[in-house]
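Visitor: Sequence:
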Amino acid sequence: MRIAAAILVLFALSPAGAQWQRVSVPSGQSKAPNTPHPLAYFLHFSPERNINSSLCLGCKTDTGRKVTIADYAVKSSQRLIGESFGRKIIEVDLTFDIKPGSAMSQLRREWKRQSRASFEDLTLAEWQSIVMQSAPNLYRELYFSSNPPSNSIPPVEAGIMDIEGVPLLAVRETYGRWCAEGYWVLNRNGPSLLDFSPVQNAITDISPPNTKAIQTGCWALSISNLEVNAPVQEVPPKCAACGVLGTAVVKFKIENDRAIPVSSVFEPSASVFEPSAPK
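Quick note: the sequence shown uses the working numbering, first residue 596, plus one each step.
Treat the hints as calculated values from the structure; they're not laboratory data. It is possible that some hints are incorrect.
To be verified - Simulated crosslink set (DSS-like; lysine-lysine; CA at most 30 Å straight-line):
1. LYS694 - LYS661
2. LYS833 - LYS807
3. LYS694 - LYS670
4. LYS670 - LYS655
5. LYS655 - LYS707
6. LYS661 - LYS707
7. LYS707 - LYS694
8. LYS707 - LYS670
9. LYS670 - LYS683
10. LYS848 - LYS683
11. LYS807 - LYS846
12. LYS807 - LYS848
13. LYS655 - LYS694
As the list claims (entries may be wrong) - Estimated spans, in silico, between C-beta atoms of each pair:
14. LEU652 - PRO731: 32 to 42 Å
15. LEU733 - VAL669: 18 to 28 Å
16. PRO750 - ASN784: 22 to 32 Å
17. SER792 - TYR636: 26 to 36 Å
18. GLU752 - ASN805: 33 to 43 Å
19. ARG783 - GLU862: 33 to 43 Å
20. GLU829 - GLY653: 38 to 48 Å
21. GLU643 - PRO803: 37 to 47 Å
22. GLU759 - VAL860: 15 to 25 Å
23. ASN805 - ASN629: 32 to 42 Å
24. GLY696 - CYS834: 26 to 36 Å
25. GLY659 - ILE755: 48 to 58 Å
All C-beta atoms in this analysis are idealised placements derived from N, C-alpha and C, irrespective of residue type, glycine included.
Between the sequences and the hints, there should be enough to build the whole structure, so can you do that?
Guide: Here's what the structure looks like:
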């Protein structure tokens, strides 16, 4: 299941000038063209957006029945996040309820019998989108998260922030140590995905040799304070928690659609955890 992987990711890394660029979870970038559509398009199922097979379409039961979209009762909802330069920004949620007697219902019973585990407490499959108006009655998708049934689906937190005079659309979803996010600079010409590569380069420059930053976004990033506190670990580490040598601290400013470092320092750890020798 999705939450079991405890993946730590930052999807806001992009080339400068990435206007109207979309972030897709969990694949990183959707293969479907990010073309304008009426809002109704996002309020219904579309096969080209089923990028990670979260609905198991085409899966077959032991008796040969094939799962189709007709196996689901699709429900939609929408929420206005705000407006920027006259463009509406809307969150759209789709949930997929399995119909009784469907092939998907039969398939879930087979999974339960084979794994001897209960699937009754799993949430529904859900698609969560952030779309922005690109023209009258047309919208383009900026963020898309497709969740398979799981024990918990992280809510998408989205809002418009003012960061030292820069309007920013911030989107983040977290569950435990799993995280995904995206940040767009808002201007009259449309949103541009914030490019964090200069900050990444600064972290690399100040880190000791043969190390890597464990995380540079999500819980390591304070977008409101314009600061990244990235823990730096030796490579290869002796264990997941071993060899953290210190923290790369980078303060930055937002210039056009790039995060530009204004100061950077490596702060060594007071002590480095190492596993005990076997007795």
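Visitor: Take the hints in turn and mark each one as holding or not.
Guide: Going down the list of hints, with the structure as the test:
no., hint, result
1, LYS694 - LYS661, "14 Å, holds"
2, LYS833 - LYS807, "14 Å, holds"
3, LYS694 - LYS670, "12 Å, holds"
4, LYS670 - LYS655, "24 Å, holds"
5, LYS655 - LYS707, "15 Å, holds"
6, LYS661 - LYS707, "18 Å, holds"
7, LYS707 - LYS694, "17 Å, holds"
8, LYS707 - LYS670, "25 Å, holds"
9, LYS670 - LYS683, "22 Å, holds"
10, LYS848 - LYS683, "26 Å, holds"
11, LYS807 - LYS846, "19 Å, holds"
12, LYS807 - LYS848, "23 Å, holds"
13, LYS655 - LYS694, "16 Å, holds"
14, LEU652 - PRO731: 32 to 42 Å, "33 Å, holds"
15, LEU733 - VAL669: 18 to 28 Å, "22 Å, holds"
16, PRO750 - ASN784: 22 to 32 Å, "30 Å, holds"
17, SER792 - TYR636: 26 to 36 Å, "32 Å, holds"
18, GLU752 - ASN805: 33 to 43 Å, "36 Å, holds"
19, ARG783 - GLU862: 33 to 43 Å, "40 Å, holds"
20, GLU829 - GLY653: 38 to 48 Å, "44 Å, holds"
21, GLU643 - PRO803: 37 to 47 Å, "45 Å, holds"
22, GLU759 - VAL860: 15 to 25 Å, "21 Å, holds"
23, ASN805 - ASN629: 32 to 42 Å, "39 Å, holds"
24, GLY696 - CYS834: 26 to 36 Å, "49 Å, violated"
25, GLY659 - ILE755: 48 to 58 Å, "50 Å, holds"
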